[in-house]
Amino acid sequence: MRDEPLVLGIETSCDETGVGIVRGHTLLANTIASSVEEHARFGGVVPEVASRAHLEAMTPTIERALEQADLRLSDIDAVAVTAGPGLAGALLVGVAAAKAYALGLGVPLYGVNHLAAHVAVDQLEHGALPKPCIALLVSGGHSSLLLVPDVAREVVSLGSTVDDAAGEAFDKVARVLGLPFPGGPYIDRAARDGSGTAVAFPRGKLDDGTLDFSFSGLKTAVARWVEAREMAGETIHVPDVAASFQEAVVDVLTRKALEACRRYGVSDLLIGGGVAANSRLRALAQERCDAAGVRLRVPRPGLCTDNGAMVAALGSDLVAAGVTPSLLDIPADSSLPITTVHV
Amino acid sequence: MLVLAFDTATPAVTAALHDGERVLAESTTVDARRHGELLVPTIERVLAEAGAALADVTTVVAGSGPGPYTGLRVGLVTAQALAASLGVPVYGVCTLDALAYGTGLSEPFLVATDARRKEVFWGRYADARTRLSGPAVDKPQDLPADLPLAGAGARMYAEVVGAARLLDVPEFPFAGALAALAAEQLAGSGAADVAEVVASGTHPVLSAPRPVYLRRPDAQEPAAPKKVSR
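Just so you know, the protein sequences line up as chains A and B, in that order. Each step along the first sequence adds one to the number in the numbering used here, with nothing skipped, and position 251 is 251. Converting from the second sequence to the numbering used here requires adding 1000 to each position, the first position being numbered 1.
I should point out that these hints are in silico values taken from the structure, not numbers from a laboratory. Don't be surprised by glycine CBs; every beta carbon is placed ideally from N, CA and C. Mixed in with the good hints there might be a few duds.
Unchecked claim - Derived, one-sided and incomplete: chain B residues facing chain A with beta-carbon distance under 10 angstroms:
#: 1; residue: G1071
#: 2; residue: Y1213
#: 3; residue: L1214
#: 4; residue: P1217
Unchecked claim - Have a look at the derived ranges for each label pair, beta carbon to beta carbon:
#: 5; chain 1: B; residue 1: G1201; chain 2: A; residue 2: S279; range: 56 to 62 angstroms
#: 6; chain 1: B; residue 1: A1224; chain 2: A; residue 2: R189; range: 18 to 24 angstroms
#: 7; chain 1: A; residue 1: S157; chain 2: B; residue 2: R1117; range: 33 to 39 angstroms
#: 8; chain 1: A; residue 1: T26; chain 2: B; residue 2: P1041; range: 30 to 36 angstroms
What the hints assert, rightly or not - Quick look at which bits of chain B chain A covers, simulated, 3 or more residues with Cβ under 8 angstroms:
#: 9; segment: 1036 to 1043
#: 10; segment: 1074 to 1080
The whole structure should be built from the sequences, with the hints applied where relevant.
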């Protein structure tokens, strides 16, 4: 394993400046600078604020990662970077930095797909991915079901949200309930004292035969329910509303994920993305996977949210697969399709 | 001395090498939308043209703006990461100063670059080397009316500022001028001395490679959630 290359991974697609260093599937460093606190008062990520923070944080976060791994820049053998999808201006800071490190160090560059990186990261914790596996990626920006024959070469989109991402629905419902941004952890916490069956919120697209999702109607249903009670002068029991909303989201996510496994005859399911840190999603997914005889893999929360280690992990797979490195004129592509694992 | 300088704070993506005596190579592409794609190939081109290796570079210099933010950040993060990889010092230079230096003028003038939103980034100069005020961001009609103007930001608003005031000088901060300005500042003092003065924030030309934005991010704090009930 000593002869596997050292790969530096850079992630700047949203509000986290993430830097990871791996050797093969061994994680050596994972450092993050987040601008989430600067966005909180705006109730969502402000692209220009995120881009400014990435520039401020980029080289210091690299320095911290090297320190954590006890390495020097000159030890790095390859640089991987999220080339998309994500916020255009935010992506561009990472892509420009990665090109400069690759140029300055004289090492190959790999521009990678953010979603594929969310899949690849699990290997740092649970070893090589089964081929194929189904991946459910849920975050503030994405909700996708993927068939992954080989994360370094081929990822197939089976379905995705037609409106809001799951994490976005968490943020919006949190606002309605007077909980802070980002909503996910606060709703998760509030829900522990509530009942998931207290309110029967709608399950969007549950029985439409597709593997797509919809969370916009659910979000509006929660807002209407809360407004109606408020107008009637009733007190809202936040834990019950949070738990019932959360149940509606994770019910649809897990049902469709297992339907994808069944439909494609795949017995390994991976869940990634920031929403994979949700405790109820983890519990229900485990329950339903056990019942269906499907093996479940969920990386630890620190690897589920956006980070640089996931980019390094995918970069490492690309090096191992002998994929041709990216040119130093690659663009940042805010809408990079999942079918493009690397650019 | 081998100074690698580049600027991405205007539509010109421009890079140059300077050996302390002269500009060895300069390459510029004007394309306001592709700074991220163009910069590294432009750097590679000037290295090839000068027959120099990246490892020969002793200082990296980048235009620190002001300029449209997305492009500006490409240059600055590239400079920071490249300098870290090479283990050499990195400095920022006000983009307007490079533009002013490139005019070679010895009498007072203004420079202006496009700030978008019908505004310009501008500064007032006593001569090519001496900034008297700015950088600032304002509407072109609000610029001082008494001085000739340099820069593409002035030409864009020729009708507003008066075409007769436009100077016939380079309209972008070409990296050759940026490199020459930086090399002039680096000559004659030890690298450590320059670094110390820059770190203290008192160097007249060189600064830390940090962006000059002049505007806050556009973001509104949200009002209460809007009602959804019909």
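Do the beta carbons of B/A1224 and A/R189 sit within 18 to 24 angstroms of each other? holds (23 angstroms)
Status of the hint placing B/L1214 at chain A (closest C-beta pair under 10 angstroms): At about 13 angstroms, which exceeds the 10 angstroms cut-off, the nearest Cβ of chain A leaves the hint on B/L1214 violated.
Would the stated hint for B/P1217 survive a check requiring a Cβ distance to chain A of less than 10 angstroms? Check passed: Cβ of B/P1217 comes within 4 angstroms of chain A, closer than 10 angstroms.
Three or more residues of the segment 1036 to 1043 of chain B near chain A by CB distance under 8 angstroms? This one holds; 7 residues, not fewer than the three required, reach chain A with a Cβ under 8 angstroms.
How about B/Y1213: closest beta carbon in chain A under 10 angstroms, or not? The hint holds - B/Y1213 has a Cβ within 10 angstroms of chain A, the shortest such distance being about 7 angstroms.
Under 8 angstroms between beta-carbons, do enough residues of the segment 1074 to 1080 of chain B, three at least, approach chain A for the coverage claim to hold? Coverage by chain A holds here, the residue count being 6 at a Cβ distance below 8 angstroms.
Using the Cβ atoms, figure out if B/G1201 sits within 56 to 62 angstroms of A/S279. violated (48 angstroms)
That 30 to 36 angstroms hint for A/T26 and B/P1041 (C-beta), does it hold up? holds (34 angstroms)
Quick check on the hint: B/G1071 CB to chain A CB, less than 10 angstroms? Holds: closest Cβ of chain A sits about 9 angstroms from B/G1071, inside 10 angstroms.
For the pair A/S157 and B/R1117, does the Cβ-Cβ distance stay inside 33 to 39 angstroms? Holds: the Cβ-Cβ distance is about 38 angstroms, inside 33 to 39 angstroms.
In this structure, the hints that do not hold are numbers 3 and 5, in rising order.
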